[in-house]
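8 protein chains.
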Amino acid sequence: MDRDEASRLLGQVADGTLTPAQALDRFATAPYDALAHSFVDTHRGLRTGDPEVVLAEGKTTQQVMDNVTALSQQGRVLVTRCSPEQSLALGASGRTVLIGEPPEPRGLVAVIAAGTSDGPVAEEAAITAHAFGVNVERVDDVGVAGLHRLVAARPLLDRADVVICVAGMEGALPSVLGGLVGTPLIAVPTSIGYGASFGGLAALLAMLNSCAPGVAVVNIDNGFGAGVFAARAARVAHP
Amino acid sequence: MDRDEASRLLGQVADGTLTPAQALDRFATAPYDALAHSFVDTHRGLRTGDPEVVLAEGKTTQQVMDNVTALSQQGRVLVTRCSPEQSLALGASGRTVLIGEPPEPRGLVAVIAAGTSDGPVAEEAAITAHAFGVNVERVDDVGVAGLHRLVAARPLLDRADVVICVAGMEGALPSVLGGLVGTPLIAVPTSIGYGASFGGLAALLAMLNSCAPGVAVVNIDNGFGAGVFAARAARVAHP
Amino acid sequence: MDRDEASRLLGQVADGTLTPAQALDRFATAPYDALAHSFVDTHRGLRTGDPEVVLAEGKTTQQVMDNVTALSQQGRVLVTRCSPEQSLALGASGRTVLIGEPPEPRGLVAVIAAGTSDGPVAEEAAITAHAFGVNVERVDDVGVAGLHRLVAARPLLDRADVVICVAGMEGALPSVLGGLVGTPLIAVPTSIGYGASFGGLAALLAMLNSCAPGVAVVNIDNGFGAGVFAARAARVAHP
Amino acid sequence: MDRDEASRLLGQVADGTLTPAQALDRFATAPYDALAHSFVDTHRGLRTGDPEVVLAEGKTTQQVMDNVTALSQQGRVLVTRCSPEQSLALGASGRTVLIGEPPEPRGLVAVIAAGTSDGPVAEEAAITAHAFGVNVERVDDVGVAGLHRLVAARPLLDRADVVICVAGMEGALPSVLGGLVGTPLIAVPTSIGYGASFGGLAALLAMLNSCAPGVAVVNIDNGFGAGVFAARAARVAHP
Amino acid sequence: MDRDEASRLLGQVADGTLTPAQALDRFATAPYDALAHSFVDTHRGLRTGDPEVVLAEGKTTQQVMDNVTALSQQGRVLVTRCSPEQSLALGASGRTVLIGEPPEPRGLVAVIAAGTSDGPVAEEAAITAHAFGVNVERVDDVGVAGLHRLVAARPLLDRADVVICVAGMEGALPSVLGGLVGTPLIAVPTSIGYGASFGGLAALLAMLNSCAPGVAVVNIDNGFGAGVFAARAARVAHP
Amino acid sequence: MDRDEASRLLGQVADGTLTPAQALDRFATAPYDALAHSFVDTHRGLRTGDPEVVLAEGKTTQQVMDNVTALSQQGRVLVTRCSPEQSLALGASGRTVLIGEPPEPRGLVAVIAAGTSDGPVAEEAAITAHAFGVNVERVDDVGVAGLHRLVAARPLLDRADVVICVAGMEGALPSVLGGLVGTPLIAVPTSIGYGASFGGLAALLAMLNSCAPGVAVVNIDNGFGAGVFAARAARVAHP
Amino acid sequence: MDRDEASRLLGQVADGTLTPAQALDRFATAPYDALAHSFVDTHRGLRTGDPEVVLAEGKTTQQVMDNVTALSQQGRVLVTRCSPEQSLALGASGRTVLIGEPPEPRGLVAVIAAGTSDGPVAEEAAITAHAFGVNVERVDDVGVAGLHRLVAARPLLDRADVVICVAGMEGALPSVLGGLVGTPLIAVPTSIGYGASFGGLAALLAMLNSCAPGVAVVNIDNGFGAGVFAARAARVAHP
Amino acid sequence: MDRDEASRLLGQVADGTLTPAQALDRFATAPYDALAHSFVDTHRGLRTGDPEVVLAEGKTTQQVMDNVTALSQQGRVLVTRCSPEQSLALGASGRTVLIGEPPEPRGLVAVIAAGTSDGPVAEEAAITAHAFGVNVERVDDVGVAGLHRLVAARPLLDRADVVICVAGMEGALPSVLGGLVGTPLIAVPTSIGYGASFGGLAALLAMLNSCAPGVAVVNIDNGFGAGVFAARAARVAHP
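Residue numbers (our numbering), protein chains in the order written: chain A, 1 to 239; chain B, 1 to 239; chain C, 1 to 239; chain D, 1 to 239; chain E, 1 to 239; chain F, 1 to 239; chain G, 1 to 239; chain H, 1 to 239.
Chain A with its partners taken away, still in its complex shape (with noise of 0.2 Å):
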């Protein structure tokens, strides 16, 4: 059962086809969602100029270039996790490649990454908000062991509405920033590490075990659901 086909009965009962009772009969056979789904409309994502999103990691570049297509129709396409390959069939460069405009900005996000080599996570991150209709400013390389560092980043940290922190290793980052502002903050723990770093458990651990409060966790090098998040939460302050 479509919209349509509820349109119709409704006119049924209107000209006395059919009665209430049959009509509400028709309905209640009908599969549960199918039904909800004649009445309700659900295409929100699109209304609110949100991208649909494509994980390229495990698919062919034929599969990426097709679920690409199929979706710009609708609109902008955020593509994540390309391979090289996979970036240039999309005519890009980089992990993360946003095909169309972004909605045009509300509200700050900070991404504050620990080390070189968390780069392309926090830039996973970074694009992923903007492309969820956010500015974005990032600082790259301030290690939790140098804690001058932070110089650079602290005024970003009081503009922000959402703070990102990716950090592999010890994952110690985010309770040191944790601790400097009252910012909701959105931990990254990246695979960065080796040995007892197990793929970047050490650094999960760490940040779910944060001892500063307000520190939320998301998935091993998850930039992209932590842009998700922090697009989120600072739209909701700037409707």
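Example chain F residues on the side facing chain E (calculated, C-beta under 7 Å, incomplete): (1) Asp161; (2) Gly214; (3) Val218; (4) Gly225; (5) Val228; (6) Phe229; (7) Ala233; (8) Val236.
Interface residues of chain D toward chain H, partial, derived using beta-carbon atoms under 8 Å: (9) Ala6; (10) Ser7; (11) Gly11; (12) Gly16; (13) Thr19; (14) Leu24.
Quick caveat, the hints were computed from the structure, so don't treat them as lab data. Every residue gets a Cβ at the ideal spot worked out from N, C-alpha and C, and that includes glycine.
Starting from the known structure of chain A, arrange chains B, C, D, E, F, G and H on it as the hints suggest.
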């Protein structure tokens, strides 16, 4: 919006108070699920005769009693993982308690336990399957290290619609049974063991890696889940 | 000792060459299993029409071809987890290859996959169930985060004897499906995901802990095991 | 060196007792942080009205009382994870106790719990968010296996600035909610479950791997952290 | 079918009541294992003098007593992992209790323990080996960090047929012993330790990774298994 | 200090050049181990005919060749875990290569493998045991899910002094064999499997938790260690 | 063979009762280590003034008392991880008890603890270092989320020869301290935390992955080991 | 604000352009750390002669070259974990490359490696310690299973200020060394091993659980961290 209100709206369409388009708009502005609920009868559970279930673990005795009282007006109630005190308060004994009579049984589930200590989990599986409307037969203490003890179980395995196999320690029994029978086999790892058993993890992993196809696994000590699954599969075979 | 020798011994008892006590001694000194084998027909597998199965992974293409050649004389052969090269050598495509025709199908298995990337595992489950003699219908890309996509799957879920649900990442789809249907449901975690997915561990644990009863689980990426289990359960229902 | 001494030094520069270069030397030989502290007002916490927090777990009742007494002179105090005895000593009940009145609330946080047993963690989140100055509304027992129970929660989800979702076992509820709403969503895994739940690890991993973007996660049972994060994000939206 | 019935069938063949083919059919329709059992004497265990074994852990004192009473009619009984109460009920002391006299000992097993705290596991190994019919000599408190304490043990190591080495914490002693002797060495990790010992996991992993060849390992705290293995190996050497 | 110097010192005591007290002082100031070495003959290894062993994995082909050249002057050399290139350089094939002739064999070791894929590990165990001076017989592809395949193995199991059982996946075969025989049994888990096999962890844990006593375990894929252990145990039985 | 017997043998060589060759033979047939012991003075420990150490955990109070009585005749005794009862029996309070006076202190160890709850582990480290002969100064409650609390600690950090840093939860403090100082830093993870702290695993992994070089780690809650290490390093600097 | 601006402000106070209170306000509104930096000289690192460090792993050769070029103007640069290509581009060989001359060495660090395969990690430790200004001596291939090989190492162990012990597999060597010497001992687990070594986890856990006190541990394969720590501790002893 509930069923009554949906009915009233349709009456208004029928008497011309509302045009079909207006009714469609009204439906469309109702919350998604409330709308669906207003049309759909979700009481299938009660009609099938399946009991309501209360997990006693982590609840106070009073909470369990309140749950049971509320639910027993709708029919039978199965209470799992009772403490002795909770069980006593229900006027019963054992960790698994059925309040009310089970439905008329259809089909046969065999519950095979590897060791004496696996008994309580096997009992949970058996009582659950019984409460969900199948016949149950049990064989206990069929260890993989004494294959001759499989003798008593063999005819039952051939008669059963579904076999539940409960085992702790190395969890090898399902692999052995799975090589003997062509019946669907639900493996239940138990937390019986010590040291590198890691609370049932060893048995769980062994069962998931069984070289015998046709073995599916439930959570450690989850006799309840195995019982429900088996009862459903056995009833499919005896409509 | 084989069936012929057992027959000859009995002939000797019949013609008085051997006393019953002497025959009993002869039987008693034969190896345990050889004895049993001399009497018992264990070829049930072939009579049911179930295919022989070859796991191609970890074997050379030549080993796979040799296995297939040897087994195909006894009937149909299912080859799982083929590399492209192995698949080509078998004159086929895809990771899962059936040599010969499947048995006449009985019953219906629904295979529901959460994401595009879960496709190969869903395919393995579907081809396996087909090769073991049931009808199979598939619905792909039914993500838990877009419940409206369950619409297309709903009628199929109600018709199926058994449902196989394939999902990676957080593995939540079986819990949602398990709340909608009363059909036995086999959950297959996949290794799709990254970071704290730990190669499918997250999905596996989620499925084992499903709050929806009636969910049983197989190994990560084990479409084969799910297919065999489901086929057996569906055939029980259609003897 | 403290603020007074810094002031005195500057006075000496002003009256010529000290040259600028001498003052610079004096400052440069002070300890790094003491120096910074002599200039900077770090009492932002108190001005925002955020409560001081005492984690009662692992402390004796006397230690908790001493902490509370010392801190309550500076304003409100939130005590988390009280034992019944500690709670009683504070003249309160429940695991989470607020001493003093909360600040004037701004914004709205929704706290959704999957099961009855997740209640104490949801309560910790709710009281914490309240103590940090936001309005809180709760919906309990919204299981993923019974999606129709989401009905009551839907309007609240749309009104809230931030959603906190508390769930144990397979931890699937955040994925389902995350597909329905565009609001930032904090997922709190709980240790409710048994066997392969591994003390909440299953729920934690599921939430970290959620296929719904915009989900961030805190530590197992960490209602407090979720409450602080949500309150901060909600207050950003209502300055 | 039991031995008597098999005998009767053969009698009928002898007197012509049954043809050989009919007898074969009758045998072939008997359950697989029952058939084998009707011919085979499986009481080897009792003839070797090995004790029956009861694992007391996880059983009530009454269950243990019932087990012991039933089994002691067939000969000696070894009860492992007794609680003090269970031990008392058996008229004994210690966690490991032998009811009845051990068989005449053959061969020699050395049981070497690293620390005082490893004593109960070493005792379990020693009493078990004794109960399975070998001579046992023990040396305690031979820590790897004080190699000079190996002095007392050296002559024993050279005389023994098999060495059992019991150690917790880092579990290094087997590697050191394994470099000194050419005797087969069974390593028993214990749960002695704390923190990153993870209940004996550290010792277990160390032993499995021993750079000294000729080291085999049993479960954490499994003195019983080591004792049985060692007794069997030592008896092979002294038929 | 070496044997010659110790001899010279004693000569000086004998001719009065040195008093006993002076000699004692000289000995006491020598390094601990050098002292012991100066008296003790530690070349037992060579006298027993055991080969020197080179682990090829993680070494360059040149390093392997250098090791082999240096050691082969002292007698036979066993090279384990060769890459094809390393094997070729040694003028051999296979992962496990013996340079030189094995010692005269004493005793019998049975090597039982569960599946075809476990072959290389079983081969490593067999060649190692052979190189350490025992007779070896192998039976391959004895899966636990097809117990009838144990038939061919049964007589061998009874004749062997020690049994090595090699199995991947759920690792259940040692438990089944351990219930059939009273011979010491070394279980070798292999990394064959996928998903929740976790690189052989499932098989390892299953074997450590075997309910059949008399099973000892070596590291995953450690055919070498099992071979050495078994050879030593078998030689003890045939001095 | 002991020192006296070695002396007697040399005397016999001196008086011609024994030839040098005969003496060499006698020495060569003595057990390896006994031989070495007959010459070497191994009482270095006592001469350095280091205390004997008794780990009370896992011992009965009587066993602890017996150990202490036996050892205290040789000098001072340090008893770690006392229960209150054991502590009382020793006439002391606290988990870590020194019987006798510490040696004259040399060098300085700083013990920095992150939180109040880390106190007992910091105390164990401090008393141990004191008992091994160094001066100790402590600073407590220096959390990474409140860096300004490092102020008081800064001068101490610069004066100390070695720094011990004790922290639970996310274990980030050593990384921050390690970026501030060039002093060797021993990090002690504690089991303080909950949920994904996994008994101190999170802090342990964080410390092992510290991006600040010059950080070494001991076992979870192992204040004792940190104290010994630090005391040894500090004493090296003050011979 | 930098040092120059702070100087100018003080000048304005001196010439009356600014009152002390105004200056205090200006300082107080500067960012926290910028303020501190304006006064404090943080170039201690360069003055100590410690090299700047570049972790080559995870960087492109170009990124490494750029880093080295930028840093080498400030003095010596240590590059760790170079790929062969990166090493070549630096005009060097080996994984660890020092650009420039090391500082004048003070003190002695001994680097002991258990096996040939542990060589690269031992080399990283040795070159690092050398680059941080200490003398280094190495002993390789000192396995715990062949204790006599400790002979050559013994005198060095007594002379060294700090001992670094590098070992994979079961990681037992530090426990043995720790029992022989009273020198601070840094244990470096390596990823050498297979199966249940789990990438060095077995060695790591063993070292953390060492029964020999005075052993501290760094990350798996972290020769760099051990080298820095050891160099710092050795330099403390030789100011």
